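Participant: Residue numbers (the working numbering), protein chains in the order written: chain X, 1 to 739; chain A, 1 to 278.
No lab work stands behind these hints, which were simulated from the structure alone.
Keep in mind that a hint or two might mislead.
[Claimed, not checked] Chain A is nowhere near these chain X residues, computed Cβ spacing over 12 Å in every case:
1) Asn120
2) Thr396
3) Thr484
4) Arg632
5) Arg673
6) Gln729
[What the hints assert, rightly or not] Which stretches of chain A does chain X cover? Using the computed rule of at least three CB atoms under 8 Å from a CB of chain X, they are:
7) 100–112
8) 125–132
9) 161–169
10) 173–185
11) 236–249
[Unchecked claim] Here are the simulated lysine to aspartate or glutamate pairs, DMTMM-like style, with alpha carbons at most 20 Å apart:
12) Lys173(A) to Glu71(A)
13) Lys429(X) to Glu49(X)
14) Lys194(A) to Glu49(X)
15) Lys137(X) to Glu126(X)
16) Lys194(A) to Glu204(A)
17) Lys75(X) to Asp225(A)
18) Lys75(X) to Glu71(A)
19) Lys194(A) to Glu155(A)
20) Lys429(X) to Glu383(X)
21) Lys429(X) to Glu399(X)
22) Lys75(X) to Asp167(A)
23) Lys173(A) to Glu85(A)
Small disclaimer: the values here were computed from a predicted structure and weren't measured.
Using N, Cα and C, we set each Cβ at its ideal position, and we do this for glycine too.
Listed below are the residues making up each chain.
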Amino acid sequence: MSGLGRRRFLVGSAALAGGATVVACAAPERESQVQSFVLQPELSLPGQELWFATTCAHSSCGNSVVVRTIDGRAKKVEGNPAFPVNQGKLNVRSQAGVQSLYHPDRLTVPKRRRGLRGANEFEDLEWPAGLDLLTEKMSEARSVVVITGPISGTRARIARDFATAFGGEHLVYETLESTVWRKTVQDGLGARRLPYLDIANAHSILSFGADFLSTWVSPTQYGVGYGEFRQGHGERGRLIQVEPRMSLTGANADSWVYVHPGQEGALALSIAQVIAAEGLAPPDNWFNVVSEVGGLDALNAYAPDRVSQRTGVPVERIQEIAREFASHQPGFAIAGGPALASTNGLDNGLAAMLLNHMVGSVGQPGGLLPNPNLRSTVTPPTEPTSFADLAGRGNTWLEDDPPDVAIVFEADPVYGMPQATRFADALGKIPFVVGIGTIMSETLGHSDLVLPSTHAFEEWGDYVPDPAPRQHVVGLQQPVVRPTTSGRSFGDILLTLWHDLRPNLAPPWETMRDAVRANAAEVFRGGDFEERWVDLLKNGGGWNDDWAPEFRAAPDWHVNLLAEPAFSDNGVEFPLHLIPFEGVALGGGDETANPWLQATPDPISTATWTTWVEMNPSTAAALNVSRGDVVRIETAHGEFEAGVYISPAAAPGVLGVPVGQGHAFGGRWREDRGSNVLASLAPLTVAGSGGLAWAATRARVRPTGDYRQLPTIEVLPNARNDVEEVIVQVTNGNGDHHK
Amino acid sequence: MSSSANEAAARASAVSEMGRTIPTDAEVPHPEGVRWGMVVDLDRCTGCQACVVACQAENNIALNEEQRVLERRAKTWIRIERYWEGEFPNAKARFIPVLCQHCGNAPCETVCPVWATYHNNEGLNVQVYNRCIGTRFCANGCPYSVRYFNFWNPEWPEPMNNQLNPDVTVRTKGIIEKCTFCVQRINRVQVTAKTEGREIRSGEVQPACAQSCPTSALVFCDINDPESAPAQLAEAEAGRSYTLLEHFGTDPGIIYLKKVDPHAEIHEDEHAHAGAHA
Chain X
1 MSGLGRRRFL VGSAALAGGA TVVACAAPER ESQVQSFVLQ PELSLPGQEL
51 WFATTCAHSS CGNSVVVRTI DGRAKKVEGN PAFPVNQGKL NVRSQAGVQS
101 LYHPDRLTVP KRRRGLRGAN EFEDLEWPAG LDLLTEKMSE ARSVVVITGP
151 ISGTRARIAR DFATAFGGEH LVYETLESTV WRKTVQDGLG ARRLPYLDIA
201 NAHSILSFGA DFLSTWVSPT QYGVGYGEFR QGHGERGRLI QVEPRMSLTG
251 ANADSWVYVH PGQEGALALS IAQVIAAEGL APPDNWFNVV SEVGGLDALN
301 AYAPDRVSQR TGVPVERIQE IAREFASHQP GFAIAGGPAL ASTNGLDNGL
351 AAMLLNHMVG SVGQPGGLLP NPNLRSTVTP PTEPTSFADL AGRGNTWLED
401 DPPDVAIVFE ADPVYGMPQA TRFADALGKI PFVVGIGTIM SETLGHSDLV
451 LPSTHAFEEW GDYVPDPAPR QHVVGLQQPV VRPTTSGRSF GDILLTLWHD
501 LRPNLAPPWE TMRDAVRANA AEVFRGGDFE ERWVDLLKNG GGWNDDWAPE
551 FRAAPDWHVN LLAEPAFSDN GVEFPLHLIP FEGVALGGGD ETANPWLQAT
601 PDPISTATWT TWVEMNPSTA AALNVSRGDV VRIETAHGEF EAGVYISPAA
651 APGVLGVPVG QGHAFGGRWR EDRGSNVLAS LAPLTVAGSG GLAWAATRAR
701 VRPTGDYRQL PTIEVLPNAR NDVEEVIVQV TNGNGDHHK
Chain A
1 MSSSANEAAA RASAVSEMGR TIPTDAEVPH PEGVRWGMVV DLDRCTGCQA
51 CVVACQAENN IALNEEQRVL ERRAKTWIRI ERYWEGEFPN AKARFIPVLC
101 QHCGNAPCET VCPVWATYHN NEGLNVQVYN RCIGTRFCAN GCPYSVRYFN
151 FWNPEWPEPM NNQLNPDVTV RTKGIIEKCT FCVQRINRVQ VTAKTEGREI
201 RSGEVQPACA QSCPTSALVF CDINDPESAP AQLAEAEAGR SYTLLEHFGT
251 DPGIIYLKKV DPHAEIHEDE HAHAGAHA
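Just chain X, same shape as in the assembly (with noise of 0.2 Å):
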C-alpha cells in the first residue's frame, strides 16, 4: 500500500511540477547547462523578467502579490496592483517572503527523530522512507489530530475533510487570537464574517487597543483606507486610541488616551453615556438599543465622575472624546489587542460596538459595512480555534486519551501556548507526531517526523481573505518558482496519504493544483473556464461585487453585564501589568527566523534583534535601572529576562514586550535570541469567548545586575550636533506651523 502512495505521490509532484513549468518558470539548475539561443525554454529567455501573480498564503496577512523572477529565481515581492484587499501595496512580512524562500536554514529533506523529544535529535531520510513511515502510522491510527496556522480555502477545507476522514479534527492555531473580535462581531452586528471598515471615508476612528496600522486583521488593507482617512477627502479624519500601552496605531492617533488594563468597556460606556446625556446623537438613533442592552438607568452607571478613578481617564477627558467622536461622523469604534485580551474582553467589545450602534454607523458608508457570506463551503476563510478549546484538548491528551497521529503544519502551539498549559507534555502523550513546515519551530523540534514543506512561492494553493474588502474574494497561489528543496506541499501530502489508506473517503482530486483548479471552477462559475483559469492565475485570483446581508444584531448583553477585569494573582506581589505586543515586522514570532524582519526597527522603540520590556520612567527610576540593565521578569507562572527600554510613552506599572523572540530552534537567525514572553502569561480565558486573556498577567520585575546594549536605531539624546533642528514639522490644521 505505501508503495502505491509513493508512486501515486511522484505522479502529483510531477504534475505540480509540470503546472509550475507551464505557469511559471524554469529551474536555476539550467543555468549549468548548454542552452540553445535558438530553441528556448517556453517563458525563460536568460536575464529577462517574468512577473507571476501569488497570494501569500501561509501568512496571516493573506495579501495578494506579483513576484518578479529571472533565470527560474524568485527577486522581488510587489503587492499586486489588481488585488480588492491589498490594492498593489505591502506591508514588512510580504515583502519578506522571497528571503525565507532562499533561507540558508530551511528543511531540505525529511527527519525523523533520533533522541528524546524537543532534543533535537534528527537523522536525515529519503522522501521514501520518511513517507513509508508516515504511512505505516496513519495505517494503524485510530484518531488522526491535524494542527495548523490560520490557513483558509483549499487548504483549509483538505485538511478539515482529512482529519474527519481519519477520525479526527482540524484545529487552527493562531498566536494571538482573532477569537474575540469574531465573537464581538457576532454578538454585536449578528455577523459571521468580519465586517469591511470603510477608514477611508471615515471622519472619525475610536478605537479601543486595536492596532489596525500594525497587526491586526488586515493591516495593509487598513493602511491604504489610512492614507485616504488622513488627506484623501475634504475632512481629514480623526484617530482616537484608547489602550493601557501605546501601540503604532496609539503613535499616530490624534488622541492617545491611556486606561487602565481591562477597563476599555467601562470607558466605552461612558462616552457612550455622554453621548446620550448631550444628545450628541440623534436619539433616534440610540434610544432603542440603548433601551435593549439596559436603559439610560445602566447607562447612567457609567457616567464619566464614577468611571474616571476606575479608568484612569479623567472626567473631561472621556467628555472630549464623546464630543469628538460623535461631532466627526461618520465614523466608527472598533476594538481589538489588549481591550479584548482581558477576560472581560468580549464585554469590552460590546460595549465599543454599543458606541457603533449610537451614532448610526453599522452598515452606513464611513462606517462598519458587511460583507457577502460565503458563496460556497468550498474555499472557507479561517476558522480559529479559542485557546480554550486548544487548552482543553491538551488537557483530554493529558488525560490519556490522545490521538494515535498529531498532523501539525505552519503552527506552532509549543511556542506560543502559556507554558501553564502543558501543551507541550500533551503533544508528547500523542504516539506519533509529523510536523510539516519549511524551517525548524518549538513544535517541530518535538515531532518524530519532520517533513519539509515547498515554500508559499513554491505550490498551489488558495486563500479566502477575511475581512473581504465589500466583494467575494478567493485569492490564487500557483507555483512562481519551481521547488528550491525536496519539500512537499501540505496539501499534496494529506491527498497522498488520503487517496492510500481511505481511497473509498477521498476526494477525487489527487494534487493540490486539481483541487484548488476544481474549487475555483465551482467557485466562478460560468463561460469557458480554461479562458477563466488562465486569468484568475494572471489576476492573482477572483472577485465578484456580491450581494450583502444587512447586519442583524440580536444583543444578549447587558450594559450590567459589563464584568470587571480579573488578573493573575495578587497584586502585591506581582504588582505590574504585563502587556505582549505583536511588532509590526516579528508579529506572532512565526516570521523570527527572517533577518530582514529581525532587523526591521521596531517603531516605537526603534529595537531590533532581541526582547525589550518598554518601563515608564519612574517605574524604571523605582527600580533602579537604566535602559540596556537586563531584568528578569517574573510571573506566577514563569519568568524570562529583557532588556529596559526607558519610554516617554509607557505608563507607569506597565510593561511592554513584545512577542515573537526566546526560541530554541529555527536556524542562525532565530535560535536563542531574546525571550519569550507568551510562556510565561497566566492561562487565562476571555468569558463568553474562549480566547486567551494575553493582557491579564501580573508581573514583577527584578535586576539581574547585567547590561546588554540595546540594538536600536535611535540615538541617546545629544548625540548629534544637529539634534536642536526641527525634523518633523508638525501643523495643528489651522494655519499654525511648527517653525
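Please arrange chain A on chain X, whose structure you already have, making use of the hints.
Facilitator: Leaving out everything else, chain A in the frame of chain X:
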C-alpha cells in the same frame, strides 16, 4: 528655490576643487527639465517600515545583523526616524522617513576628491561605486546621515544570494553607498518609453519604497513637472510643505508635507523632538 538655497548655490558655484569648478544644480542641464524627486506626506506616514524592507529587497542591501546595529553601522538607505514629544500621558511619537534628499546643492558632491558622487542631469545625486576610494568625506558632509560606508564585504549565505537583484550592483568593502531613487527602475522605464516612442507617463516610475507604501505617503515624481499629481499636491498643500534642514541651503529634491496634529500647541521655538534620533 528658497532665498537661502539661492545663497548657498551662489557660494557653492564659487567653490573650486582640484582646479575644477563644481557645477551647481542650477548650472547642470536638465534635458526636458526632468528633476526626479519625491513628496512625503507625514500625515499619511504611519512608520510601518514597509518602505525600509522594500528598499533592502530591491537594492541588495547587506543584512543588518545585530552586531552591525550595535556598532551603528547598519545600512538602511531609507529609515524611519522616530522622535518623542512630551511625557506620559501626553507623549507623542513623530515618524519621518529619511533617505538621500538628492540635493540640488549637495554637500557630499563637492567634497569627493574623485568625483565618485556627482549630480546627474535628471536631478539625481549619483554614487559611482567603482570610482569611490572610501574617504568618507561625503558621509561626513551629509547633514542627513544617509550615506553608508561598507566596512565589510556583504555576505548572503547560499542560497540566499538567489534573491539578489541583478539590476543592482553588490557593493564591496571600502566604498560608500546610498539611495539611488531606484535608478535601475528609472532607466528601465526610460528604455521602455523610448522603445515605444512615447513620453514617460506620470507615475510610471516608482521606487520600491513608494511602490510598497500602504498609505501612499511616499510619491515619486518629476518635481519640475507642474502637471504631475505629486507636484500639484505639493502646490495645493503649500502651507504644509517644507524641506529637511532647509537652512543648510542644500535644495533637497524631497518635499515633506507637515504632520497634522489638531491638538498641537504651536510655538515659534518649539521642536518636534524631546529625544533624539539617528
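Participant: If a hint holds in the structure, say so; if it does not, say that too.
Facilitator: For each hint, the structure was consulted:
Under the 12 Å C-beta cut-off, the non-interface status given to Asn120(X) relative to chain A holds; the minimum distance is some 20 Å. A cut-off of 12 Å between C-beta atoms confirms that Thr396(X) is not in contact with chain A; the least separation is 41 Å. With a closest Cβ-Cβ approach of about 6 Å to chain A, Thr484(X) is found to fall inside the 12 Å limit, against its non-interface label. Every beta carbon of chain A lies more than 12 Å from that of Arg632(X), the smallest distance being close to 21 Å; the non-interface claim holds.
Distance to chain A contradicts Arg673(X) as a non-interface residue, since its nearest Cβ pair spans about 8 Å, not more than 12 Å. The beta carbon of Gln729(X) is not kept farther than 12 Å from every beta carbon of chain A, the shortest such distance being approximately 5 Å. Only residues whose C-beta sits within less than 8 Å of a C-beta in chain X count toward coverage, and the segment 100–112 of chain A has 0 of them, not enough to reach three; the restraint is violated. Coverage of the segment 125–132 of chain A by chain X is violated in this model, with 0 residues showing a Cβ closer than 8 Å to a Cβ of that chain against a need of three.
For the segment 161–169 of chain A, the assignment as covered by chain X holds, since 6 residues bring a beta-carbon within under 8 Å of that chain's beta-carbons and 3 suffice. Counting residues of the segment 173–185 of chain A whose CB lies closer than 8 Å to any CB of chain X gives 0, so the stated coverage by that chain is violated, three being the minimum. Counting residues of the segment 236–249 of chain A whose CB falls under 8 Å from any CB of chain X gives 5; the rule of at least 3 is met. For the suggested pair Lys173(A) and Glu71(A), the alpha carbons sit about 16 Å apart, so the restraint of at most 20 Å is met.
Distance hint between Lys429(X) and Glu49(X) is unfulfilled; the C-alpha atoms sit about 50 Å from each other, more than 20 Å. The suggested pairing of Lys194(A) with Glu49(X) holds, with an alpha-carbon distance near 19 Å, which does not exceed 20 Å. In summary, the hint linking Lys137(X) to Glu126(X) is supported, as the alpha carbons are separated by about 17 Å, within the 20 Å threshold. Of the pairs offered as hints, the one joining Lys194(A) and Glu204(A) holds, with about 13 Å between alpha carbons and a cut-off of 20 Å not exceeded.
Proposed proximity of Lys75(X) and Asp225(A) is contradicted: the alpha carbons are some 32 Å apart, above 20 Å. With a CA separation close to 29 Å, the supplied pair Lys75(X) and Glu71(A) exceeds the 20 Å bound. With a C-alpha separation of about 37 Å, the suggested pair Lys194(A) and Glu155(A) falls outside the 20 Å cut-off, and the hint is violated. At roughly 26 Å between alpha-carbon atoms, Lys429(X) and Glu383(X) are farther apart than 20 Å, so this suggested pair is violated.
Proximity of Lys429(X) to Glu399(X) is assessed by CA-CA distance (about 9 Å); at most 20 Å being required, the pair is judged to hold. Pair hint Lys75(X) plus Asp167(A) holds up; C-alpha atoms about 10 Å apart against a cutoff of 20 Å. For the hint linking Lys173(A) to Glu85(A), the alpha-carbon distance of about 38 Å lies beyond 20 Å, and the restraint is violated.
When held up to the earlier numbered hints, the structure conflicts with 3, 5, 6, 7, 8, 10, 13, 17, 18, 19, 20, 23 and fits the remainder.
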